[in-house]
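Q: Sequence:
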Amino acid sequence: MSPRRSATEARQTRSDILAKAVRLASMEGLEGLTIGRLATDLGMSKSGVLGHFGSKEDLQLATIDRAAEIFAREVAHPAERAAPGLPRLRAMLAAWVSCLERRVLPGGCFFTAAAAEFDDRPGRVRNTIAGLASVWNRDLYRQIRTATAAKDLPEETDADQLVFEIEGVILSLNNALQLHRDTTAPAKARKALTRLVGHPIAALTLLLTVRAA
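Quick note: the sequence shown, position 120, residue 120 per the UniProt record's numbering, numbers continuous.
Heads up, some of the hints might be wrong.
[Stated by the list, open to error] List time: in silico PhoX-like cross-link candidates among lysine-lysine, alpha-carbon distance up to 25 Å:
| # | residue 1 | residue 2 |
| --- | --- | --- |
| 1 | Lys56 | Lys46 |
| 2 | Lys20 | Lys56 |
| 3 | Lys151 | Lys191 |
| 4 | Lys20 | Lys46 |
Calculated from the structure, these hints are not laboratory results.
With the hints as constraints, model all of the structure from the sequences given.
A: Given below as C-alpha cells:
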C-alpha cells in the first residue's frame with residue numbers, strides 16, 4: 001500500500017468515525033461518546049479508534065469541530081449569500097429554523113445539548129463550545145447593527161437584547177421538536193422571529209432563494 005493511499009484511507013476512517021460520533025453525541029451527549037461504543041458501532045477495534053484521537057477529550061473536541069462544520073454548511077454559509085444587514089439576518093434565521101425542522105442531526109441542535117451538558121464544567125470542551133456560540137452571536141449582532149444603521153430596523157433596537165431573544169426562540173423550538181415532537185413548532189418559531197425583526201421569516205422560499213443566488 002502506498003503512503004498516499006494509506007493517508008487517504010486514514011482520513012476517510014477518521015471522517016467516518018466523526019460522522020458516527022456527531023450523530024451519537026446529538027442524541028446521547030458528548031459524555032456518551034466512548035472509544036468502546038464507537039468501536040462496536042463501527043465494527044472497529046478500540047485501538048483503531050483510539051489511534052485517531054488519543055483521548056476521550058480529543059474525540060469530543062473533534063466531534064464539536066465536525067458539528068460546527070455541519071452548522072456552517074447548513075446555516076452560516078447559505079446565509080452569507082444574502083446582502084449584509086436585514087437580508088442576511090433573515091437568511092440566518094430562516095436557515096437556522098430549517099436546519100432544526102429538517103432534523104439534520106437526529107438529536108436536534110447539537111450545540112444546545114452540548115452547552116447544557118458542559119455549561120458549568122470548566123475545561124477545553126466547555127471553552128470550545130462557548131467560543132463557537134460567541135462567534136455566531138457576534139455575527140447576529142453585526143447583522144442587527146448593520147440593519148439598524150440602514151434603518152431597516154428601528155434606530156432604538158438593542159442588538160444585545162435582540163440576540164438574546166432570538167436565542168430564546170431557537171431554544172424553545174429545539175425543545176418543542178425534541179421533547180414534545182411538536183410539528184407546528186417551526187411555524188411558531190418563524191412567527192415569533194418575524195415579530196422580533198419586524199419582517200417575515202419565510203419557510204423554505206427564502207432559504208432556497210438564498211442558495212440559488
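Q: Decide, hint by hint, whether the structure agrees.
A: We went through each hint and held it up to the structure:
{"no.": "1", "hint": "Lys56 - Lys46", "verdict": "holds, 12 Å"}
{"no.": "2", "hint": "Lys20 - Lys56", "verdict": "holds, 15 Å"}
{"no.": "3", "hint": "Lys151 - Lys191", "verdict": "holds, 22 Å"}
{"no.": "4", "hint": "Lys20 - Lys46", "verdict": "holds, 15 Å"}
When held up to the earlier numbered hints, the structure conflicts with none and fits them all.
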